[in-house]
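S.K.: Chains as they are written, first to last, in my numbering: chain D, 1 to 170; chain C, 171 to 315.
Treat the hints with caution; some may be incorrect.
What the hints assert, rightly or not - Beta-carbon label-pair distances, calculated as ranges:
hint : chain 1 : residue 1 : chain 2 : residue 2 : range
1    : C       : Tyr177    : D       : Ala13     : 49 to 55 Å
2    : C       : Ser297    : D       : Ala130    : 32 to 38 Å
3    : C       : Lys182    : D       : Thr97     : 49 to 55 Å
4    : C       : Thr189    : D       : Thr3      : 38 to 44 Å
5    : C       : Glu299    : D       : Lys135    : 35 to 41 Å
6    : D       : Ala13     : C       : Lys182    : 47 to 53 Å
7    : C       : Tyr177    : D       : Gly141    : 46 to 52 Å
8    : C       : Asp195    : D       : Val23     : 31 to 37 Å
What the hints assert, rightly or not - Sample of chain C residues facing chain D (criterion: CB under 10 Å; computed from the structure):
hint : residue
9    : Thr189
10   : Asn206
11   : Glu207
12   : Val210
13   : Phe212
14   : Asp215
15   : Ala221
16   : Ala222
17   : Ala226
18   : Leu233
19   : Ala236
20   : Met254
21   : Ala257
22   : Arg260
23   : Lys305
Simulated from the structure, these hints should not be mistaken for laboratory data. Note that the coordinates shown come from a computational prediction; the quantities given were computed from them, not determined experimentally. By construction, the Cβ of each residue, glycine as well, lies at the ideal position given by its N, Cα and C atoms.
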Amino acid sequence: MATQSRLTPAMKAEVNKPPVTKVSPPISLSDIRKWAIAVYWPETPPRLFWDEEYAKTTRFKGIVAPQEFNPFAWPVRRDREFEAGGNPPPNPDGTFTRTVGNANVNAGSDHEYGAYMRPGDIITAVDRLAEIYEKTGGRGGNMVFRVREDRWTNQKGEMVKINRGTTINM
Amino acid sequence: MGTPKVYWEDVKVGQEIPTFVRRTDYMNWNRYAAINEEFVYFHMDDEAGRAAGQKAGFGMGNLRFAYMHDLLREWIGDEGVIKMVSAQYRGFNFKNDVLTTKGVVTDKRVEGGEHLVDLDLQVVNQSGENTAPGKATVALPTRGK
Chain D
1 MATQSRLTPA MKAEVNKPPV TKVSPPISLS DIRKWAIAVY WPETPPRLFW DEEYAKTTRF
61 KGIVAPQEFN PFAWPVRRDR EFEAGGNPPP NPDGTFTRTV GNANVNAGSD HEYGAYMRPG
121 DIITAVDRLA EIYEKTGGRG GNMVFRVRED RWTNQKGEMV KINRGTTINM
Chain C
171 MGTPKVYWED VKVGQEIPTF VRRTDYMNWN RYAAINEEFV YFHMDDEAGR AAGQKAGFGM
231 GNLRFAYMHD LLREWIGDEG VIKMVSAQYR GFNFKNDVLT TKGVVTDKRV EGGEHLVDLD
291 LQVVNQSGEN TAPGKATVAL PTRGK
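Please build the complete structure, drawing on both the sequences and the hints.
M.R.: Here is the structure:
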């Protein structure tokens with residue numbers, strides 16, 4: 001018996017919505033250093049990410065950010081739709097409602113890189129839903145896949161990153 | 171320019187690159203949540219992880235994606251450049267998992283004046299499960315330049 005589709009006309013119409021543009025605050029040395037510490041924890045991260053004197057001796061001529069660095073974390077204006085990855089907060093009594101059948105999970109990342117991000121850079125992201133489709137999961141229900149394409153440029157107009165990220169609503 | 175760690179000419183198809191290993195728990199995940207602002211309850215709370223259908227809270231796919239970059243950076247050094255990385259998150263990363271990120275060279279080529287190396291990547295847990303297969307392309311310095 002065919003599984004009933006979970007894709008509604010409104011969900012399919014998300015693909016045609018205009019892209020959303022975001023502009024990052026200037027990237028700080030401190031944000032780069034903290035990022036590097038976290039992704040290398042508990043070992044010391046490479047000096048390229050925190051030692052200016054060393055970084056000047058490399059091909060980059062100064063500190064750069066790890067390429068997977070995210071300058072858009074901690075915006076002052078909150079987009080509540082994406083808070084907590086689109087997943088629900090705990091109930092008033094502190095328990096969690098079972099979200100199997102409606103949990104959003106990160107399924108994949110595909111990043112193409114261009115110019116490196118440096119302290120002081122301001123990054124502009126143009127983000128759109130590129131694809132939405134569904135597949136039957138191992139437990140029989142349909143899983144909805146959303147593929148977002150996010151194009152980043154710096155203040156010079158150079159391509160920094162093209163990110164295609166997939167989430168599953170399962 | 172610094173001293174390259176690896177030259178394109180020295181890379182062989184089929185070669186395995188040195189692994190990048192981390193034992194992960196909430197100490198790693200909380201730090202990553204703080205920098206990427208990834209405060210999702212199932213990354214912070216075992217009960218929330220069970221409510222999402224898993225045996226406990228679990229780590230971020232994005233952190234394993236970062237480990238793939240760490241693996242590549244440790245290999246190519248500061249004179250190589252990561253051009254592309256992709257990953258699929260097929261398994262979950264639970265507390266105290268020992269994640270070994272691996273890479274094997276699948277091709278080398280010259281394109282647009284760049285000396286490129288393609289790799290298959292994986293993030294394997296202590297049970298041998300490949301939790302995140304991926305691919306990457308890096309550009310390396312050559313002995314001629």
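S.K.: Determine for every hint whether it applies to the structure shown.
M.R.: Hint check results:
1. For the pair tyrosine 177 of chain C and alanine 13 of chain D, the supplied restraint of 49 to 55 Å holds, since their beta-carbon distance comes to about 51 Å.
2. For the pair serine 297 of chain C and alanine 130 of chain D, the beta carbons lie near 34 Å from each other, so the given range of 32 to 38 Å is met.
3. Separation of lysine 182 of chain C from threonine 97 of chain D is about 53 Å and conforms to the stated range, judged on CB atoms against 49 to 55 Å.
4. A beta carbon spacing of about 41 Å between threonine 189 of chain C and threonine 3 of chain D agrees with the range 38 to 44 Å that was offered as a hint.
5. Distance hint for glutamate 299 of chain C and lysine 135 of chain D: a CB-CB separation of about 21 Å, inconsistent with the stated range 35 to 41 Å.
6. The hinted window of 47 to 53 Å between alanine 13 of chain D and lysine 182 of chain C holds, with their beta carbons roughly 50 Å apart.
7. A C-beta distance of roughly 51 Å is found between tyrosine 177 of chain C and glycine 141 of chain D, which places it inside the suggested range of 46 to 52 Å.
8. Look at aspartate 195 of chain C against valine 23 of chain D: about 35 Å separates their beta carbons, and that is inside 31 to 37 Å.
9. Look at threonine 189 of chain C: its Cβ only gets to about 14 Å from chain D, farther than 10 Å, so that hint breaks.
10. Interface hint at asparagine 206 of chain C: satisfied, since its Cβ lies 5 Å from the closest Cβ of chain D, which is below the 10 Å cut-off.
11. For glutamate 207 of chain C, the interface hint holds, the least distance from its beta-carbon to any beta-carbon of chain D being 4 Å, beneath 10 Å.
12. Satisfaction of the interface hint for valine 210 of chain C is found here, the shortest Cβ-Cβ separation to chain D being roughly 4 Å, below the 10 Å cut-off.
13. Of the supplied interface hints, the one on phenylalanine 212 of chain C holds, with its beta-carbon coming within about 7 Å of a beta-carbon of chain D, less than 10 Å.
14. For aspartate 215 of chain C, the interface hint holds, since its Cβ comes within 10 Å of a Cβ in chain D; the closest pair sits about 7 Å apart.
15. Interface hint status for alanine 221 of chain C: upheld, as the beta-carbon distance to the closest one in chain D is roughly 4 Å, under 10 Å.
16. For alanine 222 of chain C, the suggested interface contact is upheld, since its CB lies about 5 Å from the closest CB of chain D, less than 10 Å.
17. Interface hint status for alanine 226 of chain C: violated, as the beta-carbon distance to the closest one in chain D is roughly 13 Å, over 10 Å.
18. With a least beta-carbon distance of about 7 Å to chain D, the hint placing leucine 233 of chain C at the interface is held under the 10 Å criterion.
19. Taking 10 Å as the C-beta cut-off, the interface hint given for alanine 236 of chain C holds, the closest approach to chain D being about 4 Å.
20. Because the smallest distance between the Cβ of methionine 254 of chain C and any Cβ of chain D comes to about 5 Å, under 10 Å, the interface hint for this residue holds.
21. The criterion of a C-beta within 10 Å of any C-beta in chain D is met by alanine 257 of chain C, whose closest approach is roughly 5 Å, and the hint holds.
22. Contact between arginine 260 of chain C and chain D, as hinted, is supported at the beta carbon level, the nearest pair being about 9 Å apart and thus within 10 Å.
23. With 10 Å as the threshold, the beta carbon of lysine 305 of chain C comes within range of chain D, its nearest partner Cβ sitting at about 9 Å, so the hint holds.
Hints 5, 9 and 17 from the list above are not met by this structure, while the remaining hints are.
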